Amino acid sequence: MKAVFQRRAQKKGSPVVGMLVVLASICAFLAFLALVTVVVHFIVM
Amino acid sequence: MITRLHLEDWRIIGHYLGVLILLVAVAMIPPFIMSLCLAEYSTSVDFMLSIGITGIVGSVLLFSKVEFATLDWRQSLVITGLCWVVLSVFGALPLWMSGHYDGYLDAFFESVSAFTTTGMSLCVDVDHMALSLSIWRCVMHLIGGVGVVVIALALGVFGTGSAAASLYHAEARMGQVMPGIKQTSQFILKLAAVVVTVGTVVCIIPLLVIGIEPVRAAINGFLVTAASFSTGGMTSTTSSIMAFHCWPLEVFALVLAAFGCINFVLYGDIWKGVFRNFFKDIEIRTIFVWVTALAALMAFALAGSYFTTTGAVLRRGLFEVLSGAFNLGFSTLQGGQILFAMGSGALFVIILSMTICGSSSSASGGIKALRIGIIARSVVQAVREALAPDRARPRTFYFQKGRHRLTPELVSSAMIIFLLYMVTYAVGAIAGIAYGYEALPAIFDSVSAASNTGLSLGVAAPGMPNGLEIIYIFEMWLGRLEFIAILAMVVEMLAFLVPRHRSKWMRRKK
Numbered sequence: 001m002k003a004v005f006q007r008r009a010q011k012k013g014s015p016v017v018g019m020l021v022v023l024a025s026i027c028a029f030l031a032f033l034a035l036v037t038v039v040v041h042f043i044v045m
Numbered sequence: 001m002i003t004r005l006h007l008e009d010w011r012i013i014g015h016y017l018g019v020l021i022l023l024v025a026v027a028m029i030p031p032f033i034m035s036l037c038l039a040e041y042s043t044s045v046d047f048m049l050s051i052g053i054t055g056i057v058g059s060v061l062l063f064s065k066v067e068f069a070t071l072d073w074r075q076s077l078v079i080t081g082l083c084w085v086v087l088s089v090f091g092a093l094p095l096w097m098s099g100h101y102d103g104y105l106d107a108f109f110e111s112v113s114a115f116t117t118t119g120m121s122l123c124v125d126v127d128h129m130a131l132s133l134s135i136w137r138c139v140m141h142l143i144g145g146v147g148v149v150v151i152a153l154a155l156g157v158f159g160t161g162s163a164a165a166s167l168y169h170a171e172a173r174m175g176q177v178m179p180g181i182k183q184t185s186q187f188i189l190k191l192a193a194v195v196v197t198v199g200t201v202v203c204i205i206p207l208l209v210i211g212i213e214p215v216r217a218a219i220n221g222f223l224v225t226a227a228s229f230s231t232g233g234m235t236s237t238t239s240s241i242m243a244f245h246c247w248p249l250e251v252f253a254l255v256l257a258a259f260g261c262i263n264f265v266l267y268g269d270i271w272k273g274v275f276r277n278f279f280k281d282i283e284i285r286t287i288f289v290w291v292t293a294l295a296a297l298m299a300f301a302l303a304g305s306y307f308t309t310t311g312a313v314l315r316r317g318l319f320e321v322l323s324g325a326f327n328l329g330f331s332t333l334q335g336g337q338i339l340f341a342m343g344s345g346a347l348f349v350i351i352l353s354m355t356i357c358g359s360s361s362s363a364s365g366g367i368k369a370l371r372i373g374i375i376a377r378s379v380v381q382a383v384r385e386a387l388a389p390d391r392a393r394p395r396t397f398y399f400q401k402g403r404h405r406l407t408p409e410l411v412s413s414a415m416i417i418f419l420l421y422m423v424t425y426a427v428g429a430i431a432g433i434a435y436g437y438e439a440l441p442a443i444f445d446s447v448s449a450a451s452n453t454g455l456s457l458g459v460a461a462p463g464m465p466n467g468l469e470i471i472y473i474f475e476m477w478l479g480r481l482e483f484i485a486i487l488a489m490v491v492e493m494l495a496f497l498v499p500r501h502r503s504k505w506m507r508r509k510k
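Each protein sequence line maps, in turn, to chains A and B. Going by the numbering used here, the first sequence opens with residue 1, and the numbers climb by one from there. Going by the numbering used here, the second sequence opens with residue 1, and the numbers climb by one from there.
Hints are computed from structural coordinates only; laboratory data are not their basis. Just so we're clear, the structure is a prediction, and the values are computed from it rather than from any experiment. A couple of the hints might just be wrong.
Okay, the calculated beta carbon distance ranges per label pair [claimed, not checked]:
{"no.": "1", "chain 1": "A", "residue 1": "C27", "chain 2": "B", "residue 2": "V289", "range": "14 to 24 angstroms"}
{"no.": "2", "chain 1": "B", "residue 1": "G156", "chain 2": "A", "residue 2": "S14", "range": "22 to 32 angstroms"}
{"no.": "3", "chain 1": "B", "residue 1": "I33", "chain 2": "A", "residue 2": "V17", "range": "33 to 43 angstroms"}
{"no.": "4", "chain 1": "B", "residue 1": "R285", "chain 2": "A", "residue 2": "L23", "range": "13 to 23 angstroms"}
{"no.": "5", "chain 1": "A", "residue 1": "V17", "chain 2": "B", "residue 2": "I53", "range": "46 to 56 angstroms"}
Where chain A lies over chain B, by a calculated footprint (3+ residues, C-beta under 8 angstroms) [claimed, not checked]:
{"no.": "6", "stretch": "247-261"}
{"no.": "7", "stretch": "265-278"}
{"no.": "8", "stretch": "283-295"}
{"no.": "9", "stretch": "310-319"}
One-sided excerpt, in silico: chain A residues whose CB lies under 7 angstroms from chain B [as the list claims (entries may be wrong)]:
{"no.": "10", "residue": "S14"}
{"no.": "11", "residue": "P15"}
{"no.": "12", "residue": "V17"}
{"no.": "13", "residue": "G18"}
{"no.": "14", "residue": "V21"}
{"no.": "15", "residue": "V22"}
{"no.": "16", "residue": "I26"}
{"no.": "17", "residue": "A31"}
{"no.": "18", "residue": "L33"}
{"no.": "19", "residue": "L35"}
{"no.": "20", "residue": "V36"}
{"no.": "21", "residue": "T37"}
{"no.": "22", "residue": "V40"}
{"no.": "23", "residue": "H41"}
{"no.": "24", "residue": "V44"}
From the three backbone atoms N, C-alpha and C, an ideal C-beta is built for every residue, glycine too.
Produce the complete structure using the sequences and hints provided.
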């Protein structure tokens with residue numbers, strides 16, 4: 001069990017994967033903001 | 001008690017400032033080479049002269065202290081505080097020589113605006129300015145966005161001891177990615193290089209699609225990328241990013257600005273493929289909540305304006321709010337359109353978006369999401385203490401690369417900086433009103449300058465009064481270094497200049 005925890009603690013991913021996750025998060029956030037803006041715009045109009 | 005700086009200290013400070021000035025001379029070389037490649041020969045001569053003058057002054061200062069000397073924390077503070085202004089003095093030289101500015105003060109304002117990644121411009125006729133000069137402005141953006149001192153630390157100029165740590169923190173950088181300051185600085189530099197390279201390639205594609213010829217597409221792709229990631233906002237056109245009429249480019253610019261607004265320390269974990277810290281980070285969550293609220297407010301505020309279609313609300317309204325919130329400074333509207341077509345409610349939302357901006361230790365300015373998150377948590381703490389039984393001591397925590405307890409000292413520090421920003425915004429606004437500008441544009445431009453955003457309603461424009469220019473220069477400088485380094489530097493300089501007063505006892509003894 002200890003060995004499993006140690007292997008998990010040492011697990012490292014790829015920088016490309018890391019940056020792609022951030023990019024996907026930012027794009028998802030911008031899409032979410034656009035959705036919020038459109039929804040509020042339609043409610044107000 | 002304030003320990004005074006002596007002449008020996010100033011010689012050491014002069015030596016290290018000389019090193020930084022020589023770095024600026026080296027940074028001028030790529031735009032100089034581009035000016036030769038683009039056949040902008042008169043600008044090449046301007047760059048040659050500027051490199052020569054900068055190199056000579058830097059070399060003279062370098063030899064003010066020939067023997068090796070390590071920095072102490074007071075010298076580090078003064079170097080950090082002074083270097084941003086000193087480097088702007090030399091960064092302004094090619095701009096002033098170009099003839100596109102009404103005097104050296106305007107060129108100096110532009111240089112400070114570029115280094116502090118503000119993006120306000122006093123250039124006359126940007127559209128006809130040499131492309132190599134636009135490249136130089138964006139190089140200054142990148143140097144300022146990554147950090148002048150960070151670049152110098154990455155190159156090992158200041159060593160790796162406690163002085164390096166003092167310099168790093170005096171430039172408003174908190175936290176380390178790697179065990180050493182030098183390795184952290186090198187990581188930040190490497191990250192910026194990767195993002196700018198990939199971003200330039202991506203930005204070239206929509207420019208080619210809309211019909212711009214390949215060389216100009218490549219240069220403008222670099223300019224948009226550098227201005228976006230560094231959250232500077234200067235481009236080669238008067239109309240900002242709107243001149244390209246290309247919505248994919250506007251989206252790419254927002255994505256790059258968002259990259260620039262993330263704490264560089266978080267990228268250390270992201271680089272290793274560990275995402276847990278990113279999604280749990282207090283600043284990321286604060287930005288998510290705050291920007292979502294701003295987007296909703298903007299949509300509400302635009303209800304009674306000229307922008308009634310969905311496309312206009314997104315491309316004009318949401319873009320302007322995100323440009324303010326991400327500290328970008330790009331605009332899809334002219335200054336006059338923002339003022340008259342949007343309405344005061346929408347303007348108020350944009351002002352709100354500019355006050356806070358991105359994360360600490362990022363390329364962005366403003367009060368920073370960390371301080372707002374801490375202040376919000378302190379409100380939660382206060383409510384919990386009020387509701388808890390007398391003997392209970394509720395503890396509140398926040399997450400930033402680990403779980404940390406919210407302490408009164410942390411809250412106090414956040415409140416002090418918040419207050420200093422508010423005072424700076426107010427002073428700049430009052431100065432603008434005193435010079436005869438309307439209240440809303442004066443407040444808007446003052447907040448934009450102090451938060452290093454760069455959006456303008458026309459106060460920061462060619463023909464601006466010299467006194468107001470100087471006030472805005474101070475605002476940009478104070479905002480970039482978050483006050484404490486500059487205030488400490490001013491106190492040290494005053495202590496050096498003011499004669500020591502003898503006590504009454506000493507006078508009687510004589």
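Cross-check of the supplied hints:
Judged by the Cβ atoms, the range 14 to 24 angstroms given for A/C27 and B/V289 holds: they are separated by roughly 19 angstroms. At roughly 29 angstroms, the beta carbons of B/G156 and A/S14 sit within the given window of 22 to 32 angstroms. Checking the proposed 33 to 43 angstroms range against B/I33 and A/V17 shows it holds: the Cβ atoms sit about 36 angstroms from each other. The hinted window of 13 to 23 angstroms between B/R285 and A/L23 holds, with their beta carbons roughly 19 angstroms apart.
A beta carbon spacing of about 47 angstroms between A/V17 and B/I53 agrees with the range 46 to 56 angstroms that was offered as a hint. Using a Cβ-Cβ cut-off of 8 angstroms, 5 residues of the stretch 247-261 of chain B lie near chain A, which meets the minimum of three, so the contact claim holds. Against chain A, the stretch 265-278 of chain B contributes 8 residues with a C-beta closer than 8 angstroms to a partner C-beta. That satisfies the three-residue criterion, and the hint holds. Remark: the stretch 283-295 of chain B is confirmed as covered by chain A, as 4 of its residues place a Cβ nearer than 8 angstroms to a Cβ of that chain, reaching the required three.
Against chain A, the stretch 310-319 of chain B contributes 5 residues with a C-beta closer than 8 angstroms to a partner C-beta. That satisfies the three-residue criterion, and the hint holds. Here the hint on A/S14 is kept, as its CB sits about 6 angstroms from the closest CB of chain B, short of 7 angstroms. Evaluation of the A/P15 hint against chain B yields a held restraint, the C-beta minimum of about 5 angstroms falling below 7 angstroms. Interface hint status for A/V17: upheld, as the beta-carbon distance to the closest one in chain B is roughly 5 angstroms, under 7 angstroms.
Hint on A/G18 holds. Least Cβ distance to chain B is approximately 4 angstroms, under the 7 angstroms limit. At its closest, the beta carbon of A/V21 sits 5 angstroms from a beta carbon of chain B; the interface hint therefore holds under the 7 angstroms criterion. The closest approach between the C-beta of A/V22 and any C-beta of chain B is roughly 6 angstroms, which is under the 7 angstroms cut-off, so the hint is satisfied. Nearest Cβ of chain B to the Cβ of A/I26: about 5 angstroms, under the 7 angstroms cut. The hint holds.
Against a cut-off of 7 angstroms between C-beta atoms, the interface hint on A/A31 is violated, since the closest Cβ of chain B lies about 10 angstroms away. Satisfaction of the interface hint for A/L33 is found here, the shortest Cβ-Cβ separation to chain B being roughly 5 angstroms, below the 7 angstroms cut-off. Proximity of A/L35 to chain B is violated relative to the hint, the smallest CB-CB distance being about 9 angstroms (cut-off 7 angstroms). At about 5 angstroms, the closest approach between the beta carbon of A/V36 and any beta carbon in chain B falls short of 7 angstroms, and the interface hint on this residue holds.
Interface hint at A/T37: satisfied, since its Cβ lies 5 angstroms from the closest Cβ of chain B, which is below the 7 angstroms cut-off. A least Cβ separation of about 4 angstroms between A/V40 and chain B falls short of the 7 angstroms threshold, and the interface hint therefore holds. Interface hint at A/H41: satisfied, since its Cβ lies 5 angstroms from the closest Cβ of chain B, which is below the 7 angstroms cut-off. The interface hint given for A/V44 holds, since its Cβ lies 4 angstroms from the closest Cβ of chain B, which is under the 7 angstroms cut-off.
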